[in-house]
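Q: Here's the letter readout for the chains.
There are 4 protein chains.
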Amino acid sequence: MIKIGILGAAGYTGGELIRLLINHPEAEIVFANSESNAGNLVCDVHEGLMGETDLRFTAEMPFDKVDVVFFCFGHGKSWAFLNEHDIPNNVKIIDMAQDFRIAAPTHDYVYGLPEIHREEIKKCAHLANPGCFATCIQLGLLPLAKAGLLCHDVAVNAITGSTGAGQKPSATTHFSWRNNNMSVYKVFEHQHLHEICQSLNELRPKNAPKVADTLAEKPSEGDITIDFIPYRGDFARGIFCTEVVKFDGEEGSATNPTAEQLSALYTDFYKDAAFTHYCNAAIDLKQVVNTNKALVHVDKFGNKAVITSMIDNLLKGAVGQAVQNMNLMFGIDEKAGLRLKSTAF
Amino acid sequence: MIKIGILGAAGYTGGELIRLLINHPEAEIVFANSESNAGNLVCDVHEGLMGETDLRFTAEMPFDKVDVVFFCFGHGKSWAFLNEHDIPNNVKIIDMAQDFRIAAPTHDYVYGLPEIHREEIKKCAHLANPGCFATCIQLGLLPLAKAGLLCHDVAVNAITGSTGAGQKPSATTHFSWRNNNMSVYKVFEHQHLHEICQSLNELRPKNAPKVADTLAEKPSEGDITIDFIPYRGDFARGIFCTEVVKFDGEEGSATNPTAEQLSALYTDFYKDAAFTHYCNAAIDLKQVVNTNKALVHVDKFGNKAVITSMIDNLLKGAVGQAVQNMNLMFGIDEKAGLRLKSTAF
Amino acid sequence: MIKIGILGAAGYTGGELIRLLINHPEAEIVFANSESNAGNLVCDVHEGLMGETDLRFTAEMPFDKVDVVFFCFGHGKSWAFLNEHDIPNNVKIIDMAQDFRIAAPTHDYVYGLPEIHREEIKKCAHLANPGCFATCIQLGLLPLAKAGLLCHDVAVNAITGSTGAGQKPSATTHFSWRNNNMSVYKVFEHQHLHEICQSLNELRPKNAPKVADTLAEKPSEGDITIDFIPYRGDFARGIFCTEVVKFDGEEGSATNPTAEQLSALYTDFYKDAAFTHYCNAAIDLKQVVNTNKALVHVDKFGNKAVITSMIDNLLKGAVGQAVQNMNLMFGIDEKAGLRLKSTAF
Amino acid sequence: MIKIGILGAAGYTGGELIRLLINHPEAEIVFANSESNAGNLVCDVHEGLMGETDLRFTAEMPFDKVDVVFFCFGHGKSWAFLNEHDIPNNVKIIDMAQDFRIAAPTHDYVYGLPEIHREEIKKCAHLANPGCFATCIQLGLLPLAKAGLLCHDVAVNAITGSTGAGQKPSATTHFSWRNNNMSVYKVFEHQHLHEICQSLNELRPKNAPKVADTLAEKPSEGDITIDFIPYRGDFARGIFCTEVVKFDGEEGSATNPTAEQLSALYTDFYKDAAFTHYCNAAIDLKQVVNTNKALVHVDKFGNKAVITSMIDNLLKGAVGQAVQNMNLMFGIDEKAGLRLKSTAF
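Heads up: the sequence lines are chains A, B, C and D, in that order. Residue numbering for the first sequence follows the working numbering, starting at 1 and increasing by one per position. Residue numbering for the second sequence follows the working numbering, starting at 1 and increasing by one per position. Residue numbering for the third sequence follows the working numbering, starting at 1 and increasing by one per position. Residue numbering for the fourth sequence follows the working numbering, starting at 1 and increasing by one per position.
So that you can see chain A by itself, here it is in the shape it has in the complex (with noise of 0.2 Å):
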């Protein structure tokens, strides 16, 4: 058994992996820091546990006594809490926040999405999970990425529940206004651009142009850039994501493949992975909602390709993704503790 502990256990996703890890069966969960929780049932807090656990939350932070540490805190504090707290060096720590997910000399932190670095996730100690936005986009690009055929601004559109903007209540998060709502935010400035372009320049071939994040750099020439309008959706759950891409050339040359190739492309870059799906029919959400699975079908149209790419926001897009993580660096079965059922309805 994988013993765990959770730090910041009692926002929304602690809750979620909770409520993943209570039905894991190599996992167990030892403590759920939270100081404003402390002593309180995790069932009174964390919708949907009632009756399935009497764990507790705790001030404590028994480090000695686990095999792994969660961080579920909000986006800088992990940097500002490994500062102040010495863990153990045989206790692996996951980070939930964006504070590692850029590679950089000063940490070790591997990037966790397991379609590019499955071989790394195995043998980390330190891994960094990805955002939720950026999991969908990438996973709608990075086939194309790798095979060298961004060569144009991409057009990507995507839509989020409201669990993404946490469980803190504020204006847009009011159900009077958001219900039957749709709005945009943080339009071409989402910060889930850095770790989407470190991918895809990760993966493109030499010849490839390069892919400019615009939130840190003016684009030069030759370059590409990933134009990102997030909107707010009026659901809970779930990412839905188009990804608008242009290519060169004849249609079935190199430069420009056809439905068939794409299709075959796609196929092949996820025939390993565990829960990401190419699929050659049309897509809708709910398919993925409450499941770890991401789900991608592309079409053609002359010269352009559009991408609909969709995932679970807390689940491949947060914390079912950081359990598969877990998964991978114990060496265990990938989708241990992550059969979920999807909700379908």
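It should be emphasised that the hints constitute simulated quantities derived from the structure, not laboratory data. Heads up, some of the hints might be wrong.
Copies of the same chain are indistinguishable here, so a pair counts whether it falls within one copy or spans any two.
To be verified - Here are the simulated DSSO-like pairs of lysine-lysine, each with C-alpha atoms no more than 27 Å apart in a straight line: (1) 304 with 186; (2) 218 with 300; (3) 246 with 304; (4) 3 with 65; (5) 304 with 218; (6) 65 with 210; (7) 218 with 123; (8) 92 with 123; (9) 146 with 210; (10) 210 with 186; (11) 300 with 210; (12) 146 with 168; (13) 300 with 3; (14) 77 with 300; (15) 271 with 300; (16) 122 with 304; (17) 186 with 168; (18) 271 with 123; (19) 123 with 146; (20) 77 with 122.
Starting from the known structure of chain A, fit chains B, C and D onto it as the hints suggest.
A: Here is chains B, C and D on its own, set in the frame of chain A:
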């Protein structure tokens, strides 16, 4: 033109009142008071007014320039405000809060339910506008109360939209929680019981049982009670209510009306009502959403009747009824400014 | 491995059953019968199964290869099917329809509510799975029935998700109509009253009043009734129910339990239940959505108790309970395949 | 009073048209034709009209008694109807379908988008009312088209409410499927592309690239395209659209306007529009729901602009605009009957 001042103009009811008055053919908003929003454009704060008004919030309260003031404060603040401010005698007051809904020797506010108090409303200077649940439940029960047919405890279930919970974000108005959820609150203890009991007792014939206000008193032998369960609905606007009433004696006798007799009783009771209609067919909530209408329907089963009543909580349940009352108080067309297109979908 | 055949596999309950069984550790689907979909991939028809199964619908019914058959037909068709087909004696039957829920000399089906029939279920070959409303309402009332505390008519209000209306599109399941809407149907006349009354009468002590099935008989003097109003909710999954019960005598006496006594009564009644839990705190629907759990809570006011009970209509209200029954019938872990992560949001 | 006849009066647009006209100060419905509903009360068929009208559907079509006829048929039926019926020359026609939206020598219908055709509309006898997506997308792009600033392919994403799919229940309008779901359809192939391209080409300066109607023709070298992805939203009313446009040259030059220049361009273009407003702040869909308004907002990032445009699909996207056109055709106040209270919540 009726010249109008609004206090508490930045809240939900304040906003809805402005949305109504902006198109009212005989009303003119002189000031919309909000200290925290003073100087801001009303259309920047209140959804749905873009392009329709240049009005700005003000911290001023020029009572000498208005004919009527609407109090859109939270409960308890109207009383406090009046203790601290002088409002000229010639300025009428319409209070949205519950401060003056219960008749008392200490005030002269008329309870503003036109279906029972039209004549008093026409003559009054100070009006206490009814609560949303209270309006909906009363409209379902008043014809029976007046006919002396409320002889047993009444089972009331009423589901309200999230706007009933006000503008301030909270755990139970968080979209992630409320979406697709259902729950109850203040079971048997909702504060609107006070005004409901007041009206039912006001109308009842001498020989009919007293309706005990269980919030204020223990029922005496022979009293009846209103057993009211409020539900939080996963929609934004509207109250949908069922009331189950038990009769005595043979069906068709004076104490146990037939379905046809009930239909006739309700139709007659509401024959002069401007916005309340009895329907012979079953009704659904969206028939009244975004209108000032109330619809009522009655089914009969054995010695019981099931009444369905419904309103838009922000309109007939709040500022729509307030404008209806204003129209009556100023002797103009009762429907002025209230011929609203229902949303329907 | 329990070998399973499914008839009517292309409908809502058929799909949900497949979603459950695909991950059941001791079950194997041998055939999923659907004439109209014969040859089609199950994952192309049922939302949420993409990437999880290669199963195809078949027009065949190889009963000799299975241990148990699930009938996922519409009501009335199970009876007809059995008249036209021979099912080997060694094949158990679990019927989702209402055809055999009422005990009769003409059949040997056990009514599959484990909270009251666990021992009979373990031994039976033929099982009639309870209705969704019926399950939810019974779980709220059974402890009182057994204790002889149902002495007055019970006011029942239950709100169901749209999946309760089945897969066939209709006016009242059209999104444009149902979204943000609320309505009632089959008021006091829902067919589940039959099975509810059967169970309540089965459990009641001899001296307690009979519960009259008002659909089938006129109540006699002294009988009590279940006054059930079904509501159409604007969500897809779940049933949320309140039941108001009146007691006689002094609070704390044998006939009028206190809140604490009620809590103890319910806790004790469900102490061995695998999925039904009594909660001392108020509950909300999403705690059970996408799980096989039922939650029950009781409030006490004067001489009345308000019970809140809730389930997922497709799981504990249909195929989840059916799988629970199958587990009992085959002597395996009652929770096998039913440790489901709640959707929570 | 304008005397009005409605054909196809029992459908969604027919119902919404009646909801508008019932309160129009200068209009009178003479007949509402529906063969299948002949004799039925309009308020029994169309949600939201209870208590407001005694009008009944009729199978008659007394064209001699009306000034204008609205065709609320499905697409293709207007043409067929006119082939089979004679409508007097003095009766104006407003067609809701797409039959006459594309100019042709065979008909004299004016394309009824007041923002570009107000003068032609005032003089016309036959009007083709624009499509819902087409209206929303055009209002986002017309100022750029006229200024010759559409020089690259435009990425358009537009999310529509379920009422856009019509009244007939189907798999994708089933509440159980659509609730909390998201999907795309007719990707790059929506039929409204025809009319969008027609308007954009009509307004473009001679030196600007042609907009190729990709449904009808293969783009030639130098043409640009409208890459339109329609989404099915999980709300009932409204269209929310983003359009991404790329400019050339230095920011601030004639070919690459700054944010301020774009704001000025749009503000000026819509300065005389009765219902279309440019907003400097970000906008959200519920600002227009249940109104005839269109709101447009533009953000600028590097050499790209992101336009947000939105309407209520049944009003500005259908019958609201039709009534606006009627008002222009009869020389009355353009806003008559269209000062609608937004739902806001």
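Q: Now tell me if each hint is right for this structure.
A: Hint check:
1. 304 with 186: Both, since 26 Å and 15 Å are each at most 27 Å.
2. 218 with 300: Between copies, since 15 Å is at most 27 Å while 31 Å is not.
3. 246 with 304: This pair counts as both: shortest intra-copy Cα distance 4 Å, inter-copy 17 Å.
4. 3 with 65: within (7 Å within a copy, 43 Å between copies)
5. 304 with 218: both (26 Å within a copy, 13 Å between copies)
6. 65 with 210: Classified as neither: same-chain Cα gap 45 Å, cross-chain 58 Å, threshold 27 Å.
7. 218 with 123: neither (36 Å within a copy, 52 Å between copies)
8. 92 with 123: within (11 Å within a copy, 49 Å between copies)
9. 146 with 210: Within one copy only: 12 Å inside a chain, 35 Å across chains, cut-off 27 Å.
10. 210 with 186: Within. Shortest intra-copy distance 23 Å satisfies the 27 Å Cα cut-off; inter-copy 32 Å does not.
11. 300 with 210: both (24 Å within a copy, 23 Å between copies)
12. 146 with 168: Classified as neither; 39 Å inside a copy, 44 Å across copies.
13. 300 with 3: neither (47 Å within a copy, 43 Å between copies)
14. 77 with 300: The answer is neither: 43 Å in one copy and 32 Å across copies each exceed 27 Å.
15. 271 with 300: This pair counts as within: shortest intra-copy Cα distance 21 Å, inter-copy 40 Å.
16. 122 with 304: neither (37 Å within a copy, 42 Å between copies)
17. 186 with 168: Classified as both; 19 Å inside a copy, 24 Å across copies.
18. 271 with 123: within (22 Å within a copy, 46 Å between copies)
19. 123 with 146: within (23 Å within a copy, 59 Å between copies)
20. 77 with 122: within (25 Å within a copy, 53 Å between copies)
Checked against the numbered hints above, the structure violates hints 6, 7, 12, 13, 14 and 16; every other hint is satisfied.
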